[in-house]
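Asker: Here is what each chain is made of, one letter per residue.
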Amino acid sequence: MAEQANVIFRRPQSLSENVTHYCPGCTHGIIHRLVAESLDELGVRERAVGVAPVGCSVLIYNYFNVDFLEAPHGRAPALATGFKRMRPDMIVFTYQGDGDLASIGMGEIVHAANRGEKFTTIFVNNAIYGMTGGQMAPTTMPGQKTTTSPFGRDTSLAGYPIRMSELLSALVTPAYIVRTAVHTPMHVINAKKHIKKAFRLQKENKCFSLVEVLSTCPTNWGMPPHEATGWVASTMQPYYPLGVFKDPEKGVG
Amino acid sequence: MAKKLMKGNEAIGEAAIAAGAPHYFAYPITPQSEVAEYLCWRIPEVGGVFVQAESEVAVGNMLFGAAATGMRVFTTSSSPGISLMQEAISYMAGAQLPVVLVNIMRGGPGLGGILPAQSDYNQAVKGGGHGDYKTIVLAPASVQEAVDLMILGFDLADKYRNPVMLIGDGMIGQMMESVEFPEKYRDPVSPEGKDWALTGAKGRKARITKSLFLDPEKLEINSIELDRKYKRVEAEEIRFEKYKVSNKNKILIVAYGSMARICQTVIDELEEEGISVGLFRPITLYPFPGQAIHIEAVKANIKTVLVVEMSMGQMIEDVDRYLKGKKPIEFYGRTGGIVPSPNEVKDKIRTILKSKKAESK
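Residue numbers (my numbering), protein chains in the order written: chain A, 1 to 253; chain B, 1 to 361.
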């Protein structure tokens with residue numbers, strides 16, 4: 001047998017070998033990988049601890065090879081605060097969906113960001129509640145049909161989708177806040193840069209960091225995966241512009 | 001160590017430092033805000049963690065995260081704040097994490113009042129949050145005992161990997177008494193040797209601290225495991241004190257916390273009138289010393305067991321559960337922040353004895 005060529009691509013050490021339970025076309029898997037690659041490349045896997053949300057990614061700990069805590073719905077930033085204050089030498093991150101972070105956990109994320117807690121939040125925004133079966137979220141698009149807004153989100157009663165990155169950027173406390181997407185390879189590569197930077201800033205004990213990632217939910221959006229990625233571009237992106245909202249290194253925000 | 005004159009709330013904070021737990025998360029609420037006001041400068045002196053959170057919901061969950069490190073952490077609050085922490089308490093019990101929570105109780109329900117009460121007994125003892133779980137509940141009757149039970153509380157929380165709640169009424173928090181701390185303070189407790197603490201997956205498999213078990217078989221196993229632990233707690237950790245309990249007692253008072261102390265005065269004064277009354281004071285409210293109460297209550301001379309509480313009657317249900325109808329039970333309580341005076345309790349006892357006399361005629 002010929003000698004193996006150099007390895008050019010492998011599973012990040014920070015990922016476990018378990019197969020995810022995510023639906024076809026869901027981008028959680030991609031985002032997991034970007035987080036894992038970042039932990040690997042920064043050499044922090046062995047001192048990392050993740051905080052799992054409630055939602056589709058509650059089982060995230062099955063897919064990672066790092067210590068994990070499982071939070072009540074929305075409270076991951078409070079758990080991360082408690083952990084990081086006790087262990088400032090460790091790398092702490094929360095991984096939260098939009099129902100978790102922008103609805104039930106609004107208070108916890110705003111105050112953690114405002115205190116400038118030195119952890120990283122990966123905020124996966126797919127404009128809907130996934131695990132509970134496709135209900136309206138605070139991030140659901142105007143007119144978007146969900147199981148609790150079957151005629152489309154009525155902004156006169158439910159208000160407009162909350163732009164979390166913009167909202168958090170209004171805080172005076174320095175932070176790294178950025179919105180990315182993963183619906184094309186180009187966006188994936190770009191998202192990776194920001195996720196890695198968010199963790200680097202934490203490693204350097206600089207500031208709170210949050211990377212919002214526009215994500216897909218083909219199952220609950222009621223469309224095939226290729227249409228779902230298109231919907232991110234056509235419908236979500238115009239309302240949720242991508243970009244860096246706050247960056248202490250560049251004097252943004 | 002020399003005795004110090006100290007307010008209960010401040011002594012509770014100092015006791016945690018003595019117990020190797022200088023890590024405190026809290027939100028202000030009367031009548032216990034002095035704990036945070038004391039610890040905000042005292043903790044930095046010993047190199048611990050002090051965080052003023054945005055809400056009690058956040059406090060509970062910060063403790064959840066902090067406890068997962070394997071170090072000793074705690075909070076103090078009062079009734080409405082403790083209600084908001086029930087979410088995290090249930091999760092911490094489910095995930096088997098040690099934590100100490102202090103409830104300096106005020107009158108309820110709702111916003112209630114800010115004066116002393118004991119109306120959170122059921123919440124503390126019966127679980128409070130959702131699911132099959134228990135918190136170990138300790139009830140001090142003096143500032144010194146609050147200090148001692150804080151230190152014990154951290155040991156019990158660690159030993160059983162379970163939330164421990166210390167409940168004192170507003171009087172315990174507000175009153176100043178002389179108090180003595182241990183000669184030697186413990187070093188802050190480290191995660192070392194705790195195979196459940198999250199310390200990073202270095203040279204070992206990743207650890208997960210969780211309370212979710214989607215497989216019903218596994219969730220049942222978790223609940224059975226918790227139940228086994230509680231059975232051990234019930235077998236090994238019951239604590240109580242008896243005051244002037246003898247075969248001559250006509251009445252056995254059951255009371256805890258500040259109320260028990262007031263009842264000691266009642267007993268002393270009635271003794272001078274030739275009326276023999278004994279006091280049984282549970283120190284652990286869970287595990288409840290029901291068997292020990294039963295042993296005293298069934299003694300021949302005891303006419304009635306009188307439960308005295310600063311509530312509309314909550315602990316009485318536990319006393320009743322253990323007496324199984326073997327002796328009559330009476331209740332005296334004031335609530336809303338009103339503390340019964342010794343005279344009120346004495347009158348109640350005289351009335352009971354008068355009616356017993358009438359019955360026997």
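Please note that a few of the clues may not be correct.
[Unchecked claim] Straight-line Cα separation of at most 25 Å, SDA-like style, residue types lysine to any residue; simulated pairs:
{"id": "1", "chain 1": "A", "residue 1": "Lys197", "chain 2": "B", "residue 2": "Thr199"}
{"id": "2", "chain 1": "B", "residue 1": "Lys202", "chain 2": "A", "residue 2": "Thr229"}
{"id": "3", "chain 1": "B", "residue 1": "Lys346", "chain 2": "B", "residue 2": "Thr265"}
{"id": "4", "chain 1": "B", "residue 1": "Lys218", "chain 2": "A", "residue 2": "Ile162"}
{"id": "5", "chain 1": "B", "residue 1": "Lys194", "chain 2": "A", "residue 2": "Lys206"}
{"id": "6", "chain 1": "A", "residue 1": "Lys206", "chain 2": "B", "residue 2": "Lys346"}
{"id": "7", "chain 1": "B", "residue 1": "Lys205", "chain 2": "A", "residue 2": "Lys206"}
{"id": "8", "chain 1": "A", "residue 1": "Lys203", "chain 2": "B", "residue 2": "Thr265"}
These are computed hints drawn from the structure, not numbers from a lab.
Asker: If a hint holds in the structure, say so; if it doesn't, say that too.
Answerer: So, going through the hints one by one against the coordinates:
1. Under the criterion of a C-alpha separation no larger than 25 Å, the hint pairing Lys197/A with Thr199/B is consistent with the structure, at around 23 Å.
2. Annotation: proposed proximity of Lys202/B to Thr229/A is violated, straight-line Cα distance about 37 Å (limit 25 Å).
3. Only pairs whose Cα atoms come within 25 Å are accepted, and Lys346/B paired with Thr265/B is accepted, the gap being roughly 10 Å.
4. As the CA atoms of Lys218/B and Ile162/A are separated by approximately 38 Å, the hinted pair breaks the 25 Å bound.
5. Proximity of Lys194/B to Lys206/A is assessed by CA-CA distance (about 31 Å); at most 25 Å being required, the pair is judged violated.
6. For a cut-off of 25 Å, the pair hint linking Lys206/A to Lys346/B is broken: about 65 Å separates their Cα positions.
7. Taking the CA atoms of Lys205/B and Lys206/A, the gap is about 29 Å. The hint is violated against a cut of 25 Å.
8. For the hint pairing Lys203/A with Thr265/B, the CA-to-CA distance comes to about 61 Å; that exceeds 25 Å, so the pair is violated.
Consistency note: the structure conflicts with the earlier hints numbered 2, 4, 5, 6, 7, 8.
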